[in-house]
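Chains as they are written, first to last, in my numbering: chain A, 1 to 394; chain B, 1 to 280.
In short, the hints are calculated from the structure, not lab data. Errors might be hidden in some of the hints.
[As the list claims (entries may be wrong)] In silico DSS-like cross-links for lysine-lysine, where the CA-CA straight-line distance does not exceed 27 Å:
#, chain 1, residue 1, chain 2, residue 2
1, A, K156, B, K222
2, A, K125, B, K106
3, A, K156, B, K168
4, B, K106, A, K97
5, B, K194, A, K154
6, B, K59, A, K154
7, A, K294, A, K276
8, A, K97, B, K104
9, B, K222, B, K71
10, B, K168, A, K128
11, B, K71, A, K177
12, A, K125, B, K194
13, B, K168, A, K154
14, B, K267, A, K156
15, A, K97, B, K168
16, A, K7, A, K97
[As the list claims (entries may be wrong)] Partner residues aside, some chain A positions facing chain B, computed with beta carbon under 8 Å:
#, residue
17, L70
18, A74
19, P96
20, F105
21, A109
22, Y111
23, P112
24, P123
[Said to hold, decoys possible] Short derived list, chain B residues pointing at chain A, Cβ under 10 Å:
#, residue
25, L17
26, L20
27, P167
28, I171
29, E172
30, R175
31, R180
32, I188
33, P191
34, K194
Every residue, glycine too, gets a C-beta built ideally from N, C-alpha and C.
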Amino acid sequence: MATLNLKGITKIYPHSGEQKKAKKGQPEKKTNLQVTDEGVIAVQKFSLDIADNEFIVLVGPSGCGKSTTLRMVAGLEEISGGELYIDGKRVNDVEPKNRDIAMVFQSYALYPHMTVYENMAFPLKLRKMDRDEIDRRVREAAETLDITQYLDRKPKALSGGQRQRVAIGRAIVREPKVLLMDEPLSNLDAKLRNQMRAEIIKLRQKIHTTFMYVTHDQTEAMTLGDRIVIMKDGYIQQIGTPQEVFDHPANIFVAGFIGMPQMNFFNARLTAEGGKYFVSVGGCKVELSAEKSKNLAARKVQSQDITLGVRPSHMVLAKEAGNTLSATVEVSEMMGSEVHFHANADGKDVVIIVPTMDSNGVHIDSFHPGDKLNLTFSSNVCHMFGQNGENLEF
Amino acid sequence: MDNKKSSARTILAHVVLIILAFLCLFFFYILIINATRSHAQLQLGFSALPGSSLIDNFKSVINDPAIPILKGIQNSLLVSGCCAAIVTYFSALTAYGIYAYDFKLKRAAFTFIMAILVMPTQVTALGFLRLITGMGLDDSLLPLIIPSIASPAVFYFMHSYMQSSLPKELIEAARIDGSREFGTFNRIVLPIMKPAIAVQAIFTFVGSWNNYFIPALVITSKHKQTLPIMIATLRGADYMNFDMGKIYMMITIAIVPIIIIYLLLSKFIVEGVTLGGVKE
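Build the full structure now, drawing on both the sequences and the hints.
Given below as structure tokens:
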């Protein structure tokens, strides 16, 4: 266990001859990463202080630099700029094997010619640990991960979930200061993934170490992380606890990325009238709650065009048309305890989640494609984003 | 209708395969049959039935002081074995260097090695001979072994095999686990390369075993001769006055080690050791 401090970590991939050539013929870019004379900037000034024993999750769409950041911490990628400290010691130029970190790969990366036992004992043997101690640690880790019965098998005789346990076992036998995980569950099927996620939560309670976990799956990020770091195009978008990033997304990207189904966005108008704030969208004008008005007033927010964000579960169905937004149901998805309606409101696609029953077990009237809906939203749980995409409240 | 068609196809396929197998194996059959016949019997012409002179022929080959065949086998085994060992190890090492590391001129190095591939041995033979004479290595087995360290063809095979079967994550995992670079190669990469090494070891062994050109240029003394040179010396003798049974026996003896080596290593070719280590 250890603290981990990243100070302005930057990664630049220098141009190779081919990339330059390719640019002439093909002007289109695959990513939005910033390209300078020096090269492509994959990670931009990444700063984060990770406390001892903390579980940090890096999340973002593919190509956002999360894996690159993790690999720089591991020492597998050179750090182009900034400083990395493990337990207060600068480790920028320290080899991976001397950083006292362990890593779990998406592809498991088990040594195919060794048995499970040998795989797990390998890092300890390299550290010239005595045989009894190796045996004790391997068996203890195998016990923790429930793979004792497979110790004599080769990796090819194991299922995906078992292999990933062995990979985790190989990482924890060393009792590393920092445990790095690069999308460890991405190769598993949905059911196994849920199961392994729970296993990782349990594992975390058993071993005391600092975790850094990379995923593109927001469910994993929300359930595992003490804090989540959301990244896009090499930049950190927001750092916060799962609740914080869900309740107070810093910008439109975070708001859209976290939460399933995605948050609904509307073009709206924010008006300030006599110390009160109103949001109008379509034919619907809602006065914001006192708390939100206070936040906006504190930042001296003026009347302006905004993007309004409302989560599908926070949309409210009004019985009658009036101060409402009208929408037409296009698709309804029955999920069991709730129905997701995909509707068209003012040319925008909107998703509304409606429970199928009320608390007394009485079925709520359903809607069918083509039905008209009258929508409104609660003034407590809407999010306002300015023209630059930043949240206006914070 | 379909059934008839497919059974006709099967029969045709079998007929073709039987003819091919016959063509391949028939010469071995003749060789072995002829090795069992005496010179006099051989003079009478072809016979498909074995003769009775197997042991006589064998004895006359082994006991001939003019052809030290046991020494020849020993020399050939030494040269071919060493060649197979060093060519596979060093080619794998070179391929690993090009595959696993990023450095400037990596592509240039790869292209350069590939360029050597198109250079025939005969072109460089004269220079090679002058070089080893200058080094005082003529009439020695070393010049037959050491140059095999650099083999572009084996390098290319190893490199392709690594691209398909050696995920870089394994190397990275070993690095994080605390393995040194050379240790990673010996402990992780070599065992995974086993099937490729077995294949190339067989090819190199056979190639070196049958190699006549370079040994004929380098070796002069009798007790350093390899088998192909000895067989060639026999052929050079007046075959009317020579014991043909003895020649056939000698050729038979010469191919036995190759068959044994092939049988020993062939199971590694089939065995895919990397299967299951990394999910594709």
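Hints, one by one, checked against the model:
1. A:K156 with B:K222: violated, 53 Å
2. A:K125 with B:K106: With Cα atoms ~33 Å apart, A:K125 and B:K106 exceed 27 Å; violated.
3. A:K156 with B:K168: holds, 18 Å
4. B:K106 with A:K97: holds, 25 Å
5. B:K194 with A:K154: holds, 16 Å
6. B:K59 with A:K154: Not satisfied, since the Cα-Cα distance of roughly 51 Å exceeds 27 Å.
7. A:K294 with A:K276: holds, 9 Å
8. A:K97 with B:K104: Given that 27 Å is the threshold and the Cα spacing comes to 25 Å, the pair holds.
9. B:K222 with B:K71: holds, 9 Å
10. B:K168 with A:K128: With a Cα-Cα distance of about 25 Å, the restraint between B:K168 and A:K128 holds, given a limit of 27 Å.
11. B:K71 with A:K177: Given pair B:K71, A:K177 is violated - Cα atoms ~61 Å apart, limit 27 Å.
12. A:K125 with B:K194: holds, 23 Å
13. B:K168 with A:K154: Distance of about 20 Å is within 27 Å: holds.
14. B:K267 with A:K156: holds, 18 Å
15. A:K97 with B:K168: holds, 16 Å
16. A:K7 with A:K97: holds, 22 Å
17. L70: Interface hint status for A:L70: violated (12 Å vs cutoff 8 Å).
18. A74: holds, 6 Å
19. P96: holds, 5 Å
20. F105: holds, 5 Å
21. A109: holds, 4 Å
22. Y111: OK, holds: A:Y111 within 8 Å of chain B, min 6 Å.
23. P112: At about 3 Å, which falls below the 8 Å cut-off, the nearest Cβ of chain B leaves the hint on A:P112 intact, so it holds.
24. P123: Holds. Min distance 4 Å.
25. L17: Cβ of B:L17 sits 33 Å from chain A, so the hint is violated.
26. L20: violated, 35 Å
27. P167: Status holds, d = 6 Å.
28. I171: holds, 9 Å
29. E172: holds, 5 Å
30. R175: holds, 5 Å
31. R180: holds, 8 Å
32. I188: Nearest chain A Cβ about 6 Å off; hint holds.
33. P191: holds, 4 Å
34. K194: holds, 8 Å
Hint violations for this structure: numbers 1, 2, 6, 11, 17, 25, 26, all remaining hints satisfied.
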